[in-house]
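Novice: Letter by letter, the chains look like this.
2 protein chains.
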Amino acid sequence: MKHFLEPASVALIGVSRRSGPGSYNLMENMLEYGFPGKIIPINPQADEILGVKAWPNVQAAAQPIDLAVISLPRDLVLTSVAECVAAGVKAIIVVTQGFGDADARGRELQAEMVALARQNGARILGPNTLGVVNNFNRLTTSFMPLVREKSPVGLICQSGVFFVGADNFSGQIGKGIDLGNACDVGFCEALEYLGDDPDIKIIAVHMEGLERTRDFLSLAARVSRTKPVLVYKTGKSETGARAVASHTGSLAGHYRIYEAALRQAGVLFLDEDWQMGEAVRTLLNQPPMPGDRVAVITVTGAGGIMASDALEKYGLCPATLADATIKAVADLSPEWMPLGNPLDLWPAVMRHGLREVYPVALTAVLDDPGVDSVLMMSIAPDLPRFEFLDVSEGVNQALPREKSKPVVAWLYGPNRGQVGRRFEQEDKILVYQSIERAAWSLSLLRERGKFLERIEADRANS
Amino acid sequence: MKHFLEPASVALIGVSRRSGPGSYNLMENMLEYGFPGKIIPINPQADEILGVKAWPNVQAAAQPIDLAVISLPRDLVLTSVAECVAAGVKAIIVVTQGFGDADARGRELQAEMVALARQNGARILGPNTLGVVNNFNRLTTSFMPLVREKSPVGLICQSGVFFVGADNFSGQIGKGIDLGNACDVGFCEALEYLGDDPDIKIIAVHMEGLERTRDFLSLAARVSRTKPVLVYKTGKSETGARAVASHTGSLAGHYRIYEAALRQAGVLFLDEDWQMGEAVRTLLNQPPMPGDRVAVITVTGAGGIMASDALEKYGLCPATLADATIKAVADLSPEWMPLGNPLDLWPAVMRHGLREVYPVALTAVLDDPGVDSVLMMSIAPDLPRFEFLDVSEGVNQALPREKSKPVVAWLYGPNRGQVGRRFEQEDKILVYQSIERAAWSLSLLRERGKFLERIEADRANS
Numbered sequence: 001m002k003h004f005l006e007p008a009s010v011a012l013i014g015v016s017r018r019s020g021p022g023s024y025n026l027m028e029n030m031l032e033y034g035f036p037g038k039i040i041p042i043n044p045q046a047d048e049i050l051g052v053k054a055w056p057n058v059q060a061a062a063q064p065i066d067l068a069v070i071s072l073p074r075d076l077v078l079t080s081v082a083e084c085v086a087a088g089v090k091a092i093i094v095v096t097q098g099f100g101d102a103d104a105r106g107r108e109l110q111a112e113m114v115a116l117a118r119q120n121g122a123r124i125l126g127p128n129t130l131g132v133v134n135n136f137n138r139l140t141t142s143f144m145p146l147v148r149e150k151s152p153v154g155l156i157c158q159s160g161v162f163f164v165g166a167d168n169f170s171g172q173i174g175k176g177i178d179l180g181n182a183c184d185v186g187f188c189e190a191l192e193y194l195g196d197d198p199d200i201k202i203i204a205v206h207m208e209g210l211e212r213t214r215d216f217l218s219l220a221a222r223v224s225r226t227k228p229v230l231v232y233k234t235g236k237s238e239t240g241a242r243a244v245a246s247h248t249g250s251l252a253g254h255y256r257i258y259e260a261a262l263r264q265a266g267v268l269f270l271d272e273d274w275q276m277g278e279a280v281r282t283l284l285n286q287p288p289m290p291g292d293r294v295a296v297i298t299v300t301g302a303g304g305i306m307a308s309d310a311l312e313k314y315g316l317c318p319a320t321l322a323d324a325t326i327k328a329v330a331d332l333s334p335e336w337m338p339l340g341n342p343l344d345l346w347p348a349v350m351r352h353g354l355r356e357v358y359p360v361a362l363t364a365v366l367d368d369p370g371v372d373s374v375l376m377m378s379i380a381p382d383l384p385r386f387e388f389l390d391v392s393e394g395v396n397q398a399l400p401r402e403k404s405k406p407v408v409a410w411l412y413g414p415n416r417g418q419v420g421r422r423f424e425q426e427d428k429i430l431v432y433q434s435i436e437r438a439a440w441s442l443s444l445l446r447e448r449g450k451f452l453e454r455i456e457a458d459r460a461n462s
Numbered sequence: 001m002k003h004f005l006e007p008a009s010v011a012l013i014g015v016s017r018r019s020g021p022g023s024y025n026l027m028e029n030m031l032e033y034g035f036p037g038k039i040i041p042i043n044p045q046a047d048e049i050l051g052v053k054a055w056p057n058v059q060a061a062a063q064p065i066d067l068a069v070i071s072l073p074r075d076l077v078l079t080s081v082a083e084c085v086a087a088g089v090k091a092i093i094v095v096t097q098g099f100g101d102a103d104a105r106g107r108e109l110q111a112e113m114v115a116l117a118r119q120n121g122a123r124i125l126g127p128n129t130l131g132v133v134n135n136f137n138r139l140t141t142s143f144m145p146l147v148r149e150k151s152p153v154g155l156i157c158q159s160g161v162f163f164v165g166a167d168n169f170s171g172q173i174g175k176g177i178d179l180g181n182a183c184d185v186g187f188c189e190a191l192e193y194l195g196d197d198p199d200i201k202i203i204a205v206h207m208e209g210l211e212r213t214r215d216f217l218s219l220a221a222r223v224s225r226t227k228p229v230l231v232y233k234t235g236k237s238e239t240g241a242r243a244v245a246s247h248t249g250s251l252a253g254h255y256r257i258y259e260a261a262l263r264q265a266g267v268l269f270l271d272e273d274w275q276m277g278e279a280v281r282t283l284l285n286q287p288p289m290p291g292d293r294v295a296v297i298t299v300t301g302a303g304g305i306m307a308s309d310a311l312e313k314y315g316l317c318p319a320t321l322a323d324a325t326i327k328a329v330a331d332l333s334p335e336w337m338p339l340g341n342p343l344d345l346w347p348a349v350m351r352h353g354l355r356e357v358y359p360v361a362l363t364a365v366l367d368d369p370g371v372d373s374v375l376m377m378s379i380a381p382d383l384p385r386f387e388f389l390d391v392s393e394g395v396n397q398a399l400p401r402e403k404s405k406p407v408v409a410w411l412y413g414p415n416r417g418q419v420g421r422r423f424e425q426e427d428k429i430l431v432y433q434s435i436e437r438a439a440w441s442l443s444l445l446r447e448r449g450k451f452l453e454r455i456e457a458d459r460a461n462s
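Top to bottom, those sequences are chains A and B.
Per our numbering, the very first residue in the first sequence carries number 1; after that it's consecutive.
Per our numbering, the very first residue in the second sequence carries number 1; after that it's consecutive.
Simulated from the structure, these hints should not be mistaken for lab results.
Any given hint could turn out to be false.
The list cannot tell twin chains apart, which means a pair is met if one copy fits it or any two copies do.
SDA-like, lysine to any residue: derived pairs with alpha carbons at most 20 angstroms apart [to be verified]:
(1) Lys327 to Pro338
(2) Lys53 to Ser224
(3) Lys150 to Arg242
(4) Lys313 to Gly253
(5) Lys201 to Asp75
(6) Lys428 to Gly417
(7) Lys313 to Arg242
(8) Lys227 to Arg281
(9) Lys313 to Leu76
(10) Lys313 to Ala330
(11) Lys327 to Ser246
(12) Lys313 to Trp274
(13) Lys327 to Asp103
(14) Lys2 to Lys90
(15) Lys403 to Phe388
Chain A extracted, bound-state conformation (with noise of 0.2 angstroms):
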């Protein structure tokens, strides 16, 4: 995967002289993408590109080629294919697509081309994919411009989708492997490459069909032991299976037997297109969760009810709060009022103002041998008018910077966008858009937890 990933000279076969709005000219975002290596346009019809020299091929290029990306019609490309290993090129990313996604010529194509590539120690990325992103070397061979950043993230894809809609998926993108139709290079080599890549501390797989299963397995739970594994699988219901089919032309599989299997390796499993994001975000930012057991602090009673709801749904279980606890809050309450988990403060702050009480209880609630991870609800308030009921300096006061207990937020009101990132400036702390979010992104940091428990029992053992 080295050559994929970390190439000094990347030859672009089938670039093409236009460039500019509507021309998905890969050289032309390579180039602003900044990518640092040596760039070989090639290009029967033209004796230079965007500046750089053109070769009508790469024997006349005549020099080292790491990575050949080849975008040309589909007919052409074994012949190209061909060439580049004759060059002694070792990866080759073909971005067109037609082939195990389209029709049996197609599929024949692309038989073809992986036996060509095999028996001369060539590997092939693709076809139908978008290839690589590498942010920490800013190398990118999409032909769609991407967001750049340095981010943790590693991405393992069969669309270029979680590339251009990174934020509708893992968020960012720290490097990124689209295997298409995964033809020759398949989960395996992506997955063993960035686990053992230590700019990566979290990898994001988007699955439709997976080969070498077994091999995959004992992989995702090696690399699992150091970083989160998460792999949204799709092709889930029947018309997807078959959509699986003809976009990729993998085998969807028996999903309920992919979870499974994948579970057990320790994979964190996704099952809808949002959360894919939601978990990254959350186990980069949040500690696995020691045990079941979740304190909910509330300024709504009825947002309280909510919080349990979808705790229980979600497995989690409410924390017994000490006495000690009850009674940090207690003493600021009217004595009517019952308190327990959720933990309900608003007759206390009608009585000495929010930002009095709310660092008291997340203190309390924090120190609680009982608890294992607190779920805040507070408010969100227009500013500046309403400033005294935005509760986050306090709450980020109260919190430790060593993080041993997850602490999530929710919070209500008009102003959710800039409130939030008031919470979340210090880094210890994540607000979610609903309380369902909220409970979900617990419980994976539950799961998390226990996989880590199981690792540490089996070492304990052996």
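Take the given structure of chain A and dock chain B to it, following the hints.
Specialist: Just chain B, lined up with the frame of chain A:
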């Protein structure tokens, strides 16, 4: 309910002389809101409050009072209610907490208060409530600031969080009734009022417990014929149900039984906290779905698969596209491209451009008699640089003004906010944050469609 929502004069009993930040002064909030009726402050310690003459009690005020709002310490409330009924007040809001939501003494006080009101033909809203909001006559009895909007959304709830956090729940509130503990005025009275109100087109309900279940169900069935009634029932979990008892003193009851009975009555039953807002905007903007068959138009094969998975999950069917529909896109696609539903336009886009292909496909799909609704997937590119990847204009031109089939969209890319607003600006289409939400929203429109079909069939048979 008219006295509660359309009073000409409001007495504020226990209103404080303190105003400004942190005072939670109801009168200040009410004045700021611009209530055009008479405000009568009652406070034995003050001659005037915020420039308005104050009276020691309602008798002394010696003027007609349509609505009294009591915010006094709980031990003073009963006497105040007695004074109100003696002065002929027929509508009383008790803001104060500490009754059915608290201890044995609170439950006793609540029962006495109700008995007193009933003996005198008065009604009590609350206790433990923010009262009402009516944006059509600029009335609020909330001591917390609210958003003002003449919206066709009627809200019935048991907590102020739905007023203050409107942004998190129904999104908008035209008229709102917070039942609090619902000691006297309950769901039936509120639903009947909003059901008959011509300003209100949809009714959002948050429910912890329900009394007069049978009356409510027949009322809900009647109201649902003309406007959608949404119910978000909380206290589903064991902890949640316990918390309900100490929040509003209600009995949470058996969740599944509520669900079945409410659905049978035509209520759209919600399960998660984010659903209310999506449901309201969806039902206000899109028509009921006339059948189960959804066409997915996509520029990402992977996205089409995710959409298929989500639609199946919510009980919807993939439409079988007519030959003419397929042909319209096949004519623009490479010959190797397998086309179906999801209808993947990408290879055609690479040949002809996104703006050229998208409206052709959309028109063909909308004209297809085998299609009941459309889920569109497109790109939200960086602007203005990638303007040519935004198809909002062409899509809006292709969509008819008359909406008979729901059309919803999901966008991927870095600029979902701005491009989403463009898609929505002609009010023909709604954009969703996740594929999951788009599919769920269609299923809600289908549920509404089925209910109306059932009504129609019953009418035809009778």
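Novice: Next, verify each hint and record whether it holds.
Specialist: Comparing the hints with the structure gives:
1. Lys327 to Pro338: For Lys327 and Pro338, only the intra-copy Cα distance (11 angstroms) is at most 20 angstroms; the inter-copy one is 67 angstroms.
2. Lys53 to Ser224: neither (45 angstroms within a copy, 71 angstroms between copies)
3. Lys150 to Arg242: neither (36 angstroms within a copy, 47 angstroms between copies)
4. Lys313 to Gly253: between (28 angstroms within a copy, 17 angstroms between copies)
5. Lys201 to Asp75: For Lys201 and Asp75, neither the intra-copy (40 angstroms) nor the inter-copy (58 angstroms) Cα distance is at most 20 angstroms.
6. Lys428 to Gly417: Answer is within; shortest intra-copy Cα gap is 17 angstroms, inter-copy 27 angstroms.
7. Lys313 to Arg242: So Lys313 and Arg242 pass the 20 angstroms test across copies only (16 angstroms; inside, 31 angstroms).
8. Lys227 to Arg281: within (14 angstroms within a copy, 40 angstroms between copies)
9. Lys313 to Leu76: Neither way: Lys313 and Leu76 sit 54 angstroms apart in one copy and 41 angstroms across, limit 20 angstroms.
10. Lys313 to Ala330: Neither: 29 angstroms inside a chain and 46 angstroms across chains, both beyond 20 angstroms.
11. Lys327 to Ser246: between (62 angstroms within a copy, 18 angstroms between copies)
12. Lys313 to Trp274: both (18 angstroms within a copy, 15 angstroms between copies)
13. Lys327 to Asp103: between (71 angstroms within a copy, 17 angstroms between copies)
14. Lys2 to Lys90: within (10 angstroms within a copy, 80 angstroms between copies)
15. Lys403 to Phe388: This pair counts as neither: shortest intra-copy Cα distance 27 angstroms, inter-copy 46 angstroms.
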